Amino acid sequence: MSDKPVTRRNFLYITTGTFTAAGAASLVWPFVDQMNPDASVKALASTEVDLRPIAPGQSITVLWRGKPVFIRRRTPEEISEAKAVSLDELPDPQDDSARAKNPEWLVMVGICTHLGCIPLGQKGEYNGWFCPCHGSHYDTSGRIRKGPAPTNLEIPDYVFLNDNTIKIG
Amino acid sequence: MSDNYVPKSAVGKWFNERLPLLDLIYGHLMPYPTPKNLNYFWTFGGILTFCLVTQIITGLVLAMHYVADADLAFASVEHIMRDVNYGWLLRYIHANGASLFFMAVYIHMARSMFYGSYKEPRELIWIIGVFIFLLMIATAFMGYVLPWGQMSFWGATVITNLFSAIPIVGESVTNWLWGGYAVGSPLLTRFFTLHYLMPFLIFALVILHVWALHVPGNNNPEGIDVVKGSQDTVPFHPHYVVKDLFALVVFLIIFAGFVFFVPNLLGHTDNYIQANPLQTPEHIVPEWYFLPFYAILRAVPDKLGGVILMVSAIAILAFLPWLDTSKVRSAKYRPLYKQFVWLFFANTIFLGYLGAQVADGMYLIMGRIATVYYFAHFIIILPLLGYIEKTKPLPKSLSEPVLSKKEKEILASGATT
Ligand code: HEM
Ligand code: FES
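Each protein sequence line maps, in turn, to chains A and B.
Here the first sequence stands for residues 1 to 169, numbered as in the working numbering.
Here the second sequence stands for residues 1 to 417, numbered as in the working numbering.
Note that these hints are calculated values from the structure, not bench results.
Here the structure is a predicted model, which means the values were calculated and not measured.
Note that beta-carbon positions come from the ideal geometry of N, C-alpha and C, so glycine has one too.
Take the hints with a grain of salt, since some may be wrong.
[Claimed, not checked] A few chain B residues facing chain A, derived, Cβ under 8 Å:
| no. | residue |
| --- | --- |
| 1 | Glu171 |
| 2 | Gln279 |
| 3 | Gln357 |
| 4 | Asp360 |
[Said to hold, decoys possible] Cβ-Cβ distance ranges computed for the label pairs, FRET-style:
| no. | chain 1 | residue 1 | chain 2 | residue 2 | range |
| --- | --- | --- | --- | --- | --- |
| 5 | A | Asp163 | B | Thr193 | 33 to 39 Å |
| 6 | A | Thr47 | B | Ile365 | 40 to 46 Å |
| 7 | A | Gln122 | B | Ile273 | 40 to 46 Å |
Using the sequences and the hints given, assemble the complete structure.
This is how it looks when you write it as structure tokens:
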């Protein structure tokens with residue numbers, strides 16, 4: 001600090017400046033926040049799905065918050081394949097039991113964790129999903145095995161309402 | 001140079017005394033001293049200005065018929081194509097205009113690199129140009145999303161997802177951009193707003209670009225300083241007005257060829273399928289003018305790394321005036337640089353070719369090599385060349401290289417021409 005005395009004018013400058021800056025800064029927020037997901041988008045937050053029509057080895061895709069969600073009724077071979085993998089082989093280690101509440105039903109967001117394309121089912125080197133955009137391979141548990149995607153396919157929040165119905169979100 | 005302008009009409013005089021606008025425009029377009037040896041590569045500045053104005057005018061009328069809503073956008077574009085009077089023409093001009101705009105800007109930038117136009121004292125002209133280029137990229141990308149076809153949708157998805165690579169806040173940032181949890185109507189509406197706005201920002205930057213250019217004046221193929229108003233310069237009008245107009249006419253013939261004969265050649269057929277959020281097209285490719293950068297993105301096996309490298313590939317251009325350590329501007333007098341700059345152009349085109357292929361096997365490996373070379377050009381080759389290259393002697397004036405031996409002797413003996 002300089003050795004000039006603090007005058008009444010200095011005080012007025014600094015307080016005026018501070019209040020103007022704080023006021024302007026707080027006014028920026030509404031302009032930024034208006035772009036965030038709005039109330040009507042958030043209102044669509046959950047989806048119920050009837051599982052009865054799906055036979056083993058079949059999958060369906062439902063839309064949840066504008067995103068595709070894969071629901072796959074896995075075959076016993078797929079389940080055993082998913083369980084047999086040792087965690088050391090996985091770029092994003094996660095046990096199959098942590099990904100499927102009921103091993104027969106795999107429920108996951110069908111969006112490649114690389115840049116958001118939709119992977120194709122029962123394709124790729126691990127017989128799970130393959131993303132054609134930049135070549136990511138996922139296994140029968142939806143875990144990333146090869147390619148540029150950094151993480152496993154995301155598991156959304158869901159609950160089994162009863163044996164035949166799940167609620168996503 | 002503009003002091004001597006006197007409007008002929010009384011109204012002109014009255015106006016100019018109160019606001020010397022005519023004076024300003026006249027000074028920059030008529031007597032403005034220009035090196036006498038500019039070749040056709042110098043006509044692209046004028047062509048680019050024409051492109052910008054064309055995009056603004058056609059865009060404005062398209063916006064009168066277009067609807068920015070995920071449910072209506074695709075149909076409204078078909079409505080423009082089928083129902084609106086001359087809608088097909090306006091849309092084809094706008095779509096092909098964007099491609100030709102990029103063709104012109106790449107030639108314009110290559111010209112600046114070849115002749116060292118970015119060097120002292122023109123660094124700011126170049127940097128403003130890089131910002132114009134950035135805004136052009138953003139504008140063209142957002143514009144391509146508007147017809148809401150499959151490529152629009154999935155291009156938007158892939159590119160907005162780049163932001164999810166940001167550590168920690170990535171997901172919040174993408175949701176903020178989308179105004180939801182996936183690409184949809186909110187994104188389309190905001191992209192339309194920005195696509196409308198940005199060309200006007202480009203326009204403002206072009207004014208700064210030309211203003212900054214008119215301080216030192218044009219560079220030229222010899223890359224030497226010329227004295228304004230000397231034997232080496234000619235007034236902009238009529239010399240370069242006519243040359244620029246001639247080049248523009250040739251450019252317009254090519255433009256018309258695209259619009260009337262192959263209007264969809266540069267587009268992608270998948271974009272005539274309405275966006276479907278449940279199905280990704282087999283092979284997503286961006287517009288041709290983004291391909292080299294797309295190849296760089298895919299060359300890296302890591303998501304964040306790929307994004308950083310792609311952004312750097314553009315950002316590094318802004319540092320070019322300081323990465324190039326040579327004092328000599330024009331490649332004509334730099335035997336090594338001349339070869340390397342051609343190699344750089346070829347490598348960039350090769351990257352563009354790779355960007356259109358499926359990133360697998362050999363293509364991926366070649367993509368990595370070409371990416372490394374792209375950066376090596378800026379970070380290793382250019383800084384070193386300035387020290388090791390033996391440049392050719394520069395001419396003292398623009399006339400010198402074209403004078404006969406006899407004329408030179410006369411000049412040397414002190415006689416005036
Ligand atoms: C909308 C895009 C652009 C427009 C309308 C535009 C316009 C112009 C005009 C009218 C000139 C003067 C005539 C000429 O030398 O050709 C010029 C010069 C120049 N431009 Fe651009 N430009 C654009 C983009 C760019 C970009 C992207 C760059 C580089 C990244 C760039 C770099 C330069 C340089 C270095 C000069 C000085 C040229 C010289 O005299 O050697 N421009 N520009
Ligand atoms: S988006 Fe799936 S690999 Fe890139």
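query: Of the hints given before, which are not true for this structure?
result: 1, 3, 5, 7
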